[in-house]
Amino acid sequence: MMEQILIKKLFIWAILSLNLIFAFIIGVTIPQLETYNSQIFGYVMIPLLIILNFIIVDRFHFYIVQLEEREDKHDDED
Amino acid sequence: MMKIKAIAKMKKPIIEYNERKYVFSIKSLIIFAIGGPISAYLVYLFFDLQLNYWLHEIVVKQTVYFLNLLFNMNATIEYTPIGKYHWNFIVPGRGMISFETFCTGIQAIVIFVGVILFTPHSQDKNTRRDIAWRKTKALIISSAIFYVVNIIRMLIQIELYYIGYAWNDIHFSISAASSFIAVIIVLLTHRWIPEFIISIIYVGTLVSEPIKLKRKEKVKEQVQITNEVDIKTMGKILRMDRKTFSQDMVTWAKDYEYAIEGEYLKVPPEKVPEFIKLLMQDKPFQRTSK
Numbered sequence: 001m002m003e004q005i006l007i008k009k010l011f012i013w014a015i016l017s018l019n020l021i022f023a024f025i026i027g028v029t030i031p032q033l034e035t036y037n038s039q040i041f042g043y044v045m046i047p048l049l050i051i052l053n054f055i056i057v058d059r060f061h062f063y064i065v066q067l068e069e070r071e072d073k074h075d076d077e078d
Numbered sequence: 001m002m003k004i005k006a007i008a009k010m011k012k013p014i015i016e017y018n019e020r021k022y023v024f025s026i027k028s029l030i031i032f033a034i035g036g037p038i039s040a041y042l043v044y045l046f047f048d049l050q051l052n053y054w055l056h057e058i059v060v061k062q063t064v065y066f067l068n069l070l071f072n073m074n075a076t077i078e079y080t081p082i083g084k085y086h087w088n089f090i091v092p093g094r095g096m097i098s099f100e101t102f103c104t105g106i107q108a109i110v111i112f113v114g115v116i117l118f119t120p121h122s123q124d125k126n127t128r129r130d131i132a133w134r135k136t137k138a139l140i141i142s143s144a145i146f147y148v149v150n151i152i153r154m155l156i157q158i159e160l161y162y163i164g165y166a167w168n169d170i171h172f173s174i175s176a177a178s179s180f181i182a183v184i185i186v187l188l189t190h191r192w193i194p195e196f197i198i199s200i201i202y203v204g205t206l207v208s209e210p211i212k213l214k215r216k217e218k219v220k221e222q223v224q225i226t227n228e229v230d231i232k233t234m235g236k237i238l239r240m241d242r243k244t245f246s247q248d249m250v251t252w253a254k255d256y257e258y259a260i261e262g263e264y265l266k267v268p269p270e271k272v273p274e275f276i277k278l279l280m281q282d283k284p285f286q287r288t289s290k
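As you go down the protein sequences, you meet chains A and B in turn. Using this note's numbering, you'd call the opening residue of the first sequence number 1 and step up by one each time. Using this note's numbering, you'd call the opening residue of the second sequence number 1 and step up by one each time.
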């Protein structure tokens, strides 16, 4: 059970890191763009990344609830 | 309108798939049918605005980078902020190719964004529990695949143009051929959000259910009055295969101790109440134990 929790923690940590790296790439890219109003790139992408962040955290919550349910079921069977 | 009201009043069918139950509200199905295409079109219009030409720039620059890396082409780009579209490819020895919003592949992405976002959620609690995560996964992966396939499409087209093919010969054919990827995306989407395909099947079930009920009512009335029923109608109710219909009907009638005379199934008077009971079940003539 502990191993499962650890794997899920690592998974969530990995996708949160990817999200941060993507936000960093957007930040680095904007000054390189030649198009007028290139900052719109950030205005479009950052809200999407914030929503994604929420969904990743929500997924972590889902894993915790799922594990708790399994533990309760296991205890009932014992 | 009357039909929709009748469907709304009807007992909702449940579709079971991969140990999950799928029940959809009529409202969510209507929102899916209307909201999906409208939102896709609106998002496309948003990305077609001049203030979103940063997307053109990113796609053009990535394509040119890979053209030079893979084919050593020495292709360049040109930014001319005049007219409808501002970005162009300069292919050495062949001239200029102008870049427009359609070339970004955004139209394919937004169609799937509309479909995925508006796919109805099942009313079953366990099924809809992780829908946000499944939808997000489908959205990100389908958009990424479309984006990458679109860049590969442009690499192939520009390389062929560079080596001497006429632009008109390669542009439309390869663009059409690359749309096969939509099939793969539909299959992938089904893997994560089966609600998409199941909701379409569900609409079919909702429409056919009143017809089935009407057919059953007609047979019930006929059996109560004449003790006989047309075997073709019974075949439809029992969903028998047309090819093996005659054989299946004989076996089925024998099993239930009914007789077949010509085109009619004769139900003995003492068996009529049981016949009606079995007929009016959700799944007609399905025995729980025998």
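Errors might be hidden in some of the hints.
Derived pair list, reagent style SDA-like, types lysine to any residue, alpha-carbon separation capped at 20 Å [as the list claims (entries may be wrong)]:
(1) B:212 x B:262
(2) B:125 x A:38
(3) B:135 x A:51
(4) B:216 x B:125
(5) B:61 x A:11
(6) B:137 x A:11
(7) B:283 x B:16
(8) B:135 x A:61
(9) B:135 x A:57
(10) B:125 x A:55
(11) B:61 x A:38
(12) A:9 x B:136
Coverage of chain B stretches by chain A, computed from C-beta distances (three or more under 8 Å per stretch; other residues unrestricted) [said to hold, decoys possible]:
(13) 47-53
(14) 56-66
(15) 77-86
(16) 157-170
By construction, these hints were calculated from the structure, which means they are not laboratory data. Every residue, glycine too, gets a C-beta built ideally from N, C-alpha and C.
Hints, one by one, checked against the model:
For a cut-off of 20 Å, the pair hint linking residue 212 of chain B to residue 262 of chain B is broken: about 24 Å separates their Cα positions. For the hint linking residue 125 of chain B to residue 38 of chain A, the alpha-carbon distance of about 43 Å lies beyond 20 Å, and the restraint is violated. Distance restraint check for residue 135 of chain B and residue 51 of chain A: the Cα-Cα separation of roughly 13 Å lies within the 20 Å cut-off, and the hinted pair is therefore satisfied. Proximity of residue 216 of chain B to residue 125 of chain B is assessed by CA-CA distance (about 32 Å); at most 20 Å being required, the pair is judged violated.
Proximity of residue 61 of chain B to residue 11 of chain A is assessed by CA-CA distance (about 32 Å); at most 20 Å being required, the pair is judged violated. Between the alpha carbons of residue 137 of chain B and residue 11 of chain A the distance comes to roughly 14 Å, so the proposed pair stays at or under 20 Å and holds. For a cut-off of 20 Å, the pair hint linking residue 283 of chain B to residue 16 of chain B stands: about 14 Å separates their Cα positions. Restraint check: the Cα-Cα separation between residue 135 of chain B and residue 61 of chain A comes to about 17 Å, which is no more than 20 Å; the hinted pair holds.
For a cut-off of 20 Å, the pair hint linking residue 135 of chain B to residue 57 of chain A stands: about 15 Å separates their Cα positions. Proposed proximity of residue 125 of chain B and residue 55 of chain A is supported: the alpha carbons are some 18 Å apart, at most 20 Å. Straight-line distance between C-alpha atoms of residue 61 of chain B and residue 38 of chain A comes to about 14 Å, which keeps the hinted pair within the 20 Å bound. With a CA separation close to 19 Å, the supplied pair residue 9 of chain A and residue 136 of chain B stays within the 20 Å bound.
For the region 47-53 of chain B, the stated coverage by chain A holds: 4 residues have a C-beta nearer than 8 Å to a C-beta of that chain, and at least 3 were required. Taking a C-beta to C-beta cut-off of 8 Å, the region 56-66 of chain B contributes 3 residues in contact with chain A, enough for the three needed, and the coverage statement holds. Counting residues of the region 77-86 of chain B whose C-beta lies closer than 8 Å to any C-beta of chain A gives 3; at least three are required, and the coverage claim holds. With 0 residues carrying a beta carbon less than 8 Å from a beta carbon of chain A, the region 157-170 of chain B misses the three-residue requirement, and the given coverage is violated.
Against the hints set out earlier in the document, violations occur for numbers 1, 2, 4, 5 and 16.
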